[in-house]
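Trainee: For reference, the chains in residue letters:
Protein chains: 2
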Amino acid sequence: ARPRVGYFYTGKTSEQSERIGNLYVKDYYSCPVVASDTTSVYDAIVTMFTEDVGTIFIVDANNALAGVVSRKDMLRASIGKQELSSLPVTIIMTRMPNITYCYLDDKLVDVGKKLIEREIDSLPVVKEEQDGFKVIGRVTKTNITKALVNLSNE
Amino acid sequence: ARPRVGYFYTGKTSEQSERIGNLYVKDYYSCPVVASDTTSVYDAIVTMFTEDVGTIFIVDANNALAGVVSRKDMLRASIGKQELSSLPVTIIMTRMPNITYCYLDDKLVDVGKKLIEREIDSLPVVKEEQDGFKVIGRVTKTNITKALVNLSNE
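In the order they appear, the protein sequences are chains A and B.
Number 221 marks the last residue of the first sequence (my numbering); no jumps.
Number 221 marks the last residue of the second sequence (my numbering); no jumps.
Among the hints, a few may not be true.
For identical chains, the list gives no copy identity; a pair is met inside one copy or between any two copies.
[Stated by the list, open to error] Dumping the calculated EDC-like pairs for lysine to aspartate or glutamate here, alpha-carbon to alpha-carbon at most 20 Å:
(1) 194 with 177
(2) 180 with 119
(3) 201 with 94
(4) 181 with 221
(5) 180 with 221
(6) 213 with 195
(7) 139 with 184
(8) 181 with 119
(9) 180 with 94
(10) 213 with 173
(11) 139 with 110
(12) 93 with 173
(13) 201 with 85
(14) 194 with 140
(15) 201 with 127
(16) 148 with 110
(17) 201 with 140
(18) 139 with 118
(19) 194 with 221
(20) 213 with 177
(21) 201 with 172
(22) 174 with 85
Worth flagging that the hints you see were computed from the coordinates, not collected in a lab.
I would like the entire structure built from these sequences, with the hints used as guidance.
Mentor: Okay, structure coming up:
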């Protein structure tokens with residue numbers, strides 16, 4: 068913890084809530100793990116293990132965001148009767164427009180609120196382009212936990 | 068954000084890191100979901116869905132902590148060749164002494180550090196008793212995300 072020189076009282080909010088409100092997605096996001104919408108559930112599960120992530124983003128032929136698959140979706144599918152290698156991932160994914168996403172310039176705390184409200188583990192960070200949303204990152208509860216740990220060290 | 072009256076400068080750490088350092092497990096933990104060590108992997112997966120949690124704590128006949136099973140452990144087992152309803156959960160769980168746990172009086176930020184270092188989603192909150200650790204709660208990255216959101220509203 069480094070020493071601080073003093074405080075400036077704004078009369079409106081605490082210094083702490085201001086500091087948290089100044090954390091942005093762009094400073095805390097991770098690399099996204101994406102797979103094509105032609106992938107099978109089995110291959111998506113393998114990708115989940117090899118990349119060691121809890122969520123995979125599915126993109127279409129234009130490389131635009133088409134869906135999100137979580138470890139929970141995978142587990143539900145894998146205890147079903149279907150053969151996972153012939154089951155398309157598009158069958159079990161959450162699709163647009165039901166995907167919650169965020170932008171690089173969003174506040175980290177607003178992403179935290181969405182993760183809690185929607186009961187999900189991760190949001191894609193997107194950039195709008197003509198043929199859809201390009202996935203440029205992900206924000207997970209791990210990123211937010213790291214932010215809290217970092218703040219405690221300041 | 069409610070107005071604050073002023074700040075007291077300690078000369079050592081920022082107000083913010085002090086506030087985060089004053090968050091304790093006892094103020095942010097959730098109910099644990101436990102299952103017996105005689106449970107099958109299949110039944111543990113069903114419990115995971117019905118209770119909507121990502122981690123289940125396994126207890127022995129004395130009701131003491133014996134293991135931890137995550138959604139990732141379940142998914143790995145479910146893409147294997149075994150019949151899940153005849154596979155004991157004890158085969159796939161992480162066992163003592165390899166379980167990372169915490170106490171009610173631990174600081175939340177120290178739990179956050181452990182979750183990140185060990186790359187896990189959740190810690191059991193335990194109480195030491197003569198015949199082992201009793202599981203009295205759980206702390207997840209969701210609890211920590213909620214703590215950050217709460218702090219930003221102060």
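Trainee: Each hint: holds or not?
Mentor: Okay, the hints, checked on the actual structure:
no. : hint         : result
1   : 194 with 177 : within (17 Å within a copy, 35 Å between copies)
2   : 180 with 119 : between (24 Å within a copy, 19 Å between copies)
3   : 201 with 94  : within (19 Å within a copy, 39 Å between copies)
4   : 181 with 221 : between (26 Å within a copy, 18 Å between copies)
5   : 180 with 221 : between (23 Å within a copy, 15 Å between copies)
6   : 213 with 195 : neither (27 Å within a copy, 29 Å between copies)
7   : 139 with 184 : within (17 Å within a copy, 23 Å between copies)
8   : 181 with 119 : between (23 Å within a copy, 18 Å between copies)
9   : 180 with 94  : both (17 Å within a copy, 19 Å between copies)
10  : 213 with 173 : both (17 Å within a copy, 18 Å between copies)
11  : 139 with 110 : both (16 Å within a copy, 15 Å between copies)
12  : 93 with 173  : within (8 Å within a copy, 31 Å between copies)
13  : 201 with 85  : neither (31 Å within a copy, 39 Å between copies)
14  : 194 with 140 : neither (25 Å within a copy, 34 Å between copies)
15  : 201 with 127 : within (10 Å within a copy, 48 Å between copies)
16  : 148 with 110 : both (17 Å within a copy, 16 Å between copies)
17  : 201 with 140 : neither (22 Å within a copy, 31 Å between copies)
18  : 139 with 118 : both (16 Å within a copy, 13 Å between copies)
19  : 194 with 221 : neither (31 Å within a copy, 31 Å between copies)
20  : 213 with 177 : both (16 Å within a copy, 11 Å between copies)
21  : 201 with 172 : within (15 Å within a copy, 44 Å between copies)
22  : 174 with 85  : within (11 Å within a copy, 22 Å between copies)
Consistency note: the structure conflicts with the earlier hints numbered 6, 13, 14, 17 and 19.
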